[in-house]
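Engineer: Protein chains in written order, with our numbering: chain P, 1 to 189; chain W, 1001 to 1084.
Mixed in with the good hints there might be a few duds.
[Stated by the list, open to error] Stretch by stretch, here's where chain W covers chain P in the computed footprint (C-beta under 8 Å, at least three residues):
1) 10 to 24
2) 73 to 80
3) 106 to 113
4) 141 to 153
5) 173 to 182
Honestly, the hints are just simulated from the structure, not real lab data.
As the structure is a computational prediction, the values presented were derived from the model and not from experiment.
Ideal Cβ placement from N, Cα and C applies to all residues, glycine included.
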Amino acid sequence: MSVTDKQFLNPEKWVSLHADYLFNYTISRLNDRDLAKDLVQDTFFSALKAKDNFKGESSERTWLIAILKRKIVDYYRKINSTKGKAEVRMSFYAEGEREGEWLEERAPTDWSGEIEKKIENEELAIVLEKCIESLPEKYAMVFRMKTVHQIETEDICNELEITSTNFWVIIHRARTQLRKCMEENWFKI
Amino acid sequence: MKITCNEATEICDKSQYKEASVWEKIKLGTHLFLCKKCGLYAKQNKMMSVCLRKLKEAESHKTHHLNQDEMNCMAQELKTKIEA
Chain P
1 MSVTDKQFLN PEKWVSLHAD YLFNYTISRL NDRDLAKDLV QDTFFSALKA
51 KDNFKGESSE RTWLIAILKR KIVDYYRKIN STKGKAEVRM SFYAEGEREG
101 EWLEERAPTD WSGEIEKKIE NEELAIVLEK CIESLPEKYA MVFRMKTVHQ
151 IETEDICNEL EITSTNFWVI IHRARTQLRK CMEENWFKI
Chain W
1001 MKITCNEATE ICDKSQYKEA SVWEKIKLGT HLFLCKKCGL YAKQNKMMSV
1051 CLRKLKEAES HKTHHLNQDE MNCMAQELKT KIEA
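Chain P on its own, in the form it takes in the complex (with noise of 0.2 Å):
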């Protein structure tokens, strides 16, 4: 990069240039706007803070997003420790003789009624955005990069720090409940 590429940090312009491409970039990731609006502000008084560690190397956008990643994985770490440990239900069991087999009440029971209409209904969303909703938050997040946001595999493992296999333990336990949630709540009424 020549001299003249140097780029230079505006403070003063952040807000009007970047808080909304960083909102929208967290809302993608957290579902929550008053959240994500803490957390882009938190970014901004961060990056003030670190102004003179700005190389201008990257473009003044590059920069914030890569202090706003670090948040975002801050945050997911604390959901991971905390309140994140009220874990999923389980399905299956988890020690004896019969480990890794269906616990009973958790096993699929046939889905009765016309499914194809039930699919097509509109209301469908509604109830599916609240089983994902009633999911920890820690498995609605990662579920919700992967499947409603489609962000790439490998690429959520960098983002949150998590192994691939960790990953799709998430997915896997967050499928399960969300399918016993939609029998529950949809598929058998």
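On the provided structure of chain P, position chain W as indicated by the hints.
Structural biologist: Coordinates of chain W only, in the frame set by chain P:
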């Protein structure tokens, strides 16, 4: 070769995103041949994917914006910090 229901359904979930390996799919296929409950799970999981696709499509048309008030408020707070 033999896997548990827990493992089988995890592969089934993975394959909803087309990310299960060939070997995993073979193991899953064998398990499904013998296990009714997981067979049902696999069938319903596909329907779940259809439902989720609708949610995904709805979301892909959305962009989330800050309104003018929120922007002003943010700018104001940042300004105080800059001047401090």
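Engineer: Starting from the hint list further up, note which numbers the structure goes against and sort them upward.
Structural biologist: 2
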